[in-house]
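*Asks:* With these hints in hand, go ahead and build the complete structure from the sequences.
Here the protein sequences line up with chains A and B, keeping their order. Quick note on my numbering: the first sequence kicks off at 1 and runs consecutively. Quick note on my numbering: the second sequence kicks off at 1 and runs consecutively.
Don't read these hints as lab results, they were simulated from the structure. Quantities reported herein were computed from a predicted structural model and do not represent experimental measurements. Fair warning: there could be bad hints in the mix.
Copies of the same chain look alike in the list, so a pair counts if it fits in one copy or across any two.
Claimed, not checked - Derived lysine-lysine pairs resembling DSS-like cross-links, with alpha carbons at most 30 angstroms apart:
| id | residue 1 | residue 2 |
| --- | --- | --- |
| 1 | K280 | K107 |
| 2 | K107 | K259 |
| 3 | K174 | K143 |
| 4 | K311 | K50 |
| 5 | K107 | K286 |
| 6 | K170 | K286 |
There are 2 protein chains.
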Amino acid sequence: MENERLKQFSFFEPIIELIPLVDAKMREQSEGSHEYLQDALNHLLDSGGKRIRSALTLLISSMFKVEKERMITLAAAVEMLHTATLVHDDLIDGSVLRRGNPTLNSKWSPGAAILTGDYLFARAAKLAAETNSLEIMNMFAYKLSIIVNGEVVQLFNKRGRSTMEDYFQKIHAKTASLFELASIAPVYISTKNEEDVRLLGIYGNNIGMAFQIVDDVLDYVGDQAQVGKPIVSDLRQGLVTLPALYYLEENPNDPRFEKFVIEGDEKPKDMDGLIEDILKSGAVEKAIEKAREFTNIGLRALSEFADCPEKEALSELALININRDF
Amino acid sequence: MENERLKQFSFFEPIIELIPLVDAKMREQSEGSHEYLQDALNHLLDSGGKRIRSALTLLISSMFKVEKERMITLAAAVEMLHTATLVHDDLIDGSVLRRGNPTLNSKWSPGAAILTGDYLFARAAKLAAETNSLEIMNMFAYKLSIIVNGEVVQLFNKRGRSTMEDYFQKIHAKTASLFELASIAPVYISTKNEEDVRLLGIYGNNIGMAFQIVDDVLDYVGDQAQVGKPIVSDLRQGLVTLPALYYLEENPNDPRFEKFVIEGDEKPKDMDGLIEDILKSGAVEKAIEKAREFTNIGLRALSEFADCPEKEALSELALININRDF
Numbered sequence: 001m002e003n004e005r006l007k008q009f010s011f012f013e014p015i016i017e018l019i020p021l022v023d024a025k026m027r028e029q030s031e032g033s034h035e036y037l038q039d040a041l042n043h044l045l046d047s048g049g050k051r052i053r054s055a056l057t058l059l060i061s062s063m064f065k066v067e068k069e070r071m072i073t074l075a076a077a078v079e080m081l082h083t084a085t086l087v088h089d090d091l092i093d094g095s096v097l098r099r100g101n102p103t104l105n106s107k108w109s110p111g112a113a114i115l116t117g118d119y120l121f122a123r124a125a126k127l128a129a130e131t132n133s134l135e136i137m138n139m140f141a142y143k144l145s146i147i148v149n150g151e152v153v154q155l156f157n158k159r160g161r162s163t164m165e166d167y168f169q170k171i172h173a174k175t176a177s178l179f180e181l182a183s184i185a186p187v188y189i190s191t192k193n194e195e196d197v198r199l200l201g202i203y204g205n206n207i208g209m210a211f212q213i214v215d216d217v218l219d220y221v222g223d224q225a226q227v228g229k230p231i232v233s234d235l236r237q238g239l240v241t242l243p244a245l246y247y248l249e250e251n252p253n254d255p256r257f258e259k260f261v262i263e264g265d266e267k268p269k270d271m272d273g274l275i276e277d278i279l280k281s282g283a284v285e286k287a288i289e290k291a292r293e294f295t296n297i298g299l300r301a302l303s304e305f306a307d308c309p310e311k312e313a314l315s316e317l318a319l320i321n322i323n324r325d326f
Numbered sequence: 001m002e003n004e005r006l007k008q009f010s011f012f013e014p015i016i017e018l019i020p021l022v023d024a025k026m027r028e029q030s031e032g033s034h035e036y037l038q039d040a041l042n043h044l045l046d047s048g049g050k051r052i053r054s055a056l057t058l059l060i061s062s063m064f065k066v067e068k069e070r071m072i073t074l075a076a077a078v079e080m081l082h083t084a085t086l087v088h089d090d091l092i093d094g095s096v097l098r099r100g101n102p103t104l105n106s107k108w109s110p111g112a113a114i115l116t117g118d119y120l121f122a123r124a125a126k127l128a129a130e131t132n133s134l135e136i137m138n139m140f141a142y143k144l145s146i147i148v149n150g151e152v153v154q155l156f157n158k159r160g161r162s163t164m165e166d167y168f169q170k171i172h173a174k175t176a177s178l179f180e181l182a183s184i185a186p187v188y189i190s191t192k193n194e195e196d197v198r199l200l201g202i203y204g205n206n207i208g209m210a211f212q213i214v215d216d217v218l219d220y221v222g223d224q225a226q227v228g229k230p231i232v233s234d235l236r237q238g239l240v241t242l243p244a245l246y247y248l249e250e251n252p253n254d255p256r257f258e259k260f261v262i263e264g265d266e267k268p269k270d271m272d273g274l275i276e277d278i279l280k281s282g283a284v285e286k287a288i289e290k291a292r293e294f295t296n297i298g299l300r301a302l303s304e305f306a307d308c309p310e311k312e313a314l315s316e317l318a319l320i321n322i323n324r325d326f
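*Replies:* In C-alpha cells, the structure reads:
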C-alpha cells in the first residue's frame, strides 16, 4: 500500500522494491520495547510522508552498488533521525496535527513525545552504528547537533528582524544538512572517494535548500488542504521566510513588519493586507527562482557522474520539487 | 575547585588530575553553538554532581592502560549521556530544582530543555564516535534505548501495584545499565577480552543497582537538606521503591496503599502514618541489606583482577555507597 502511494513519484522506480524493507526495518526498532513505543512508532510511520531522505540514500547507495542489507539499514537510520526530530519539533511548536494526523504530544502527552523522540534518536544511532562505519556514526552525531542548534536559534530568535544570511543558515540546519548526510553517507560504505563525497555533498545540500524554500513558498501559495495548515501561518507566527525577506528588501520600512512580525502584535485583518502585498510584489516568484538556482547547482554536481537509472531518478527528484504548479 | 570538592572522595585519587580535563572536554562540546546552549551546558556542569559514572570509566581505563586522550573522551561521553537524560527527566517530572539549582525547564522553558537534552545526546554520540570504536558506539545507542524504554515504563505505569521484579528491571534501566556501560566500555578500547567485559559488566551493573537502591532508601531516611527534596517524595508521588515493596510483602493488604499509591488519593496526614509504619517495619534495613548483596556480587567480580590502585579505588567507590550513616 505504501508502495502504491509512492509509485506516483517516478524517482522511486529504481528502488521501489526496497521501500517496504526500509519501512519494516524502521518498525523493527521498537521490538521488545514498551507497547506504547511500538504504538507510537507505528503511528508515526503510518502517517505517511514522502520518505525523500531515505529515497536519496537508497538511490545513491544503489548507484554505488552498496550491499542491499547495508543500504536498507542506512536508509532506515536517516529516516529515523528525521522522524525523531519531527516528534520534538511538533512538541515544541505545540502542533496538534502533522500530515492530517494527531501528533504524539496531542494524542498522548508531552512526556510521552519527549521520550519517543529520545527513543528514536537512540534507534537512529543504533542503526547508524550497524552500518559499521565510524565516519557515518560521526556524521550522524554531528548533523544532529547542527539540526538541534538550528532549532535553538529559531527558538531564541523567534521574533525580530532576520537577514537573508540568517535564513539560509537556518534552512541549512533544518533541512539541507540532513539531505546532505543522506546523500554522502552511502559513499562512506562504498568507494570512500573524496570527490564523490564532495559532489554528492553539493547535490544533497543544494537540493535540501531548494526543498525547504519550496516548503516555505507553499505556506504562501499552497492550497490549505494540501499543505495541511493555514495559509501563511509562518508569517502570522512571526516566522520570516524567503518571500517575506524579498519583500522586505524592496520595502525595508513597511511599518506592518515592526508591528506584526517583530512586536508580535497580530491583528489578522491588517496582516491579510501585508500578505496580499507580499503576494503581489513578486517576492514569491523570486523565492521560487532562488529554489531553482539551488536545484541547478545540485544538478550540475550530479551531472559529473556517469549516466544510470539512479542518476536520472536523483535528477527527477530534484526537478519534481520546483516544476510544480505553484 | 571542582577537584577540591571531589578530593573528599578517596576513590578519585588515582585519576584526580583527569577530572578537570573531562570537565573541559564536556564544556568544549558547546563551542560554536548558540550561546544559550553554552550557558545551559555550563549551568548543568556548574551544578556539581559526583561524576561517579565518569570516575568508573577513568578508573577502569587507567587500569587497562588506555591512552589518556581516549579515556578522557570516553569519560566525557559517558557523563554527557547521563547529563542529557537528567535534563529530559527533570522536564518530564516537572522538577524545578536539581542539586539545589534551578532545572533548565524552570530557568528557561520546556522547549529549551528539550533541545538542550537533544543537543547533549548528539554530543555524547559524537564523543563516543571519537573513541573510534564501533562496539562503543553500538553500546551507547543500545543503552540509551534501554534507559528511555525504562522511563516510558515508568511514565505509563506511574501508579499501580508493581512487583519486586518490575522494580529491579526499572532500576537496571534507570541507573545500572549506564554504570555497566561506563565499566565495560574501556575494555573495548584496550584488551577487548571477553572475560574482562563479563566481569566488569557484573561489577558495573551490580554497583549501579546498589547505588539506585541507596538513592531510593535515602528518600525515606535521608536528611531533607542533603537529598535536596522532601522526604519520601517518591511514595507521595505514587512511586513504589524497595522499602515500600518489602513493607508490602509483609502487609499485602494494607488499604492505605490502594488509597494513596494506586488511586493517588493523597491525604498527607494518613500518608505520614503509612510512611511511619514502613520505617518501623524494618523494610528500610532490608533494602539496605539488598544493596549490600548487590555490592558484594560486584566486588566479587572485581576481585578477579590483579591488585592495583585503581582496583582499590573501584572497591572504595562501591563501599562508600553502602557504608554510610543511613
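*Asks:* Which earlier hints turn out false for this structure, listed by number in ascending order?
*Replies:* 1, 5
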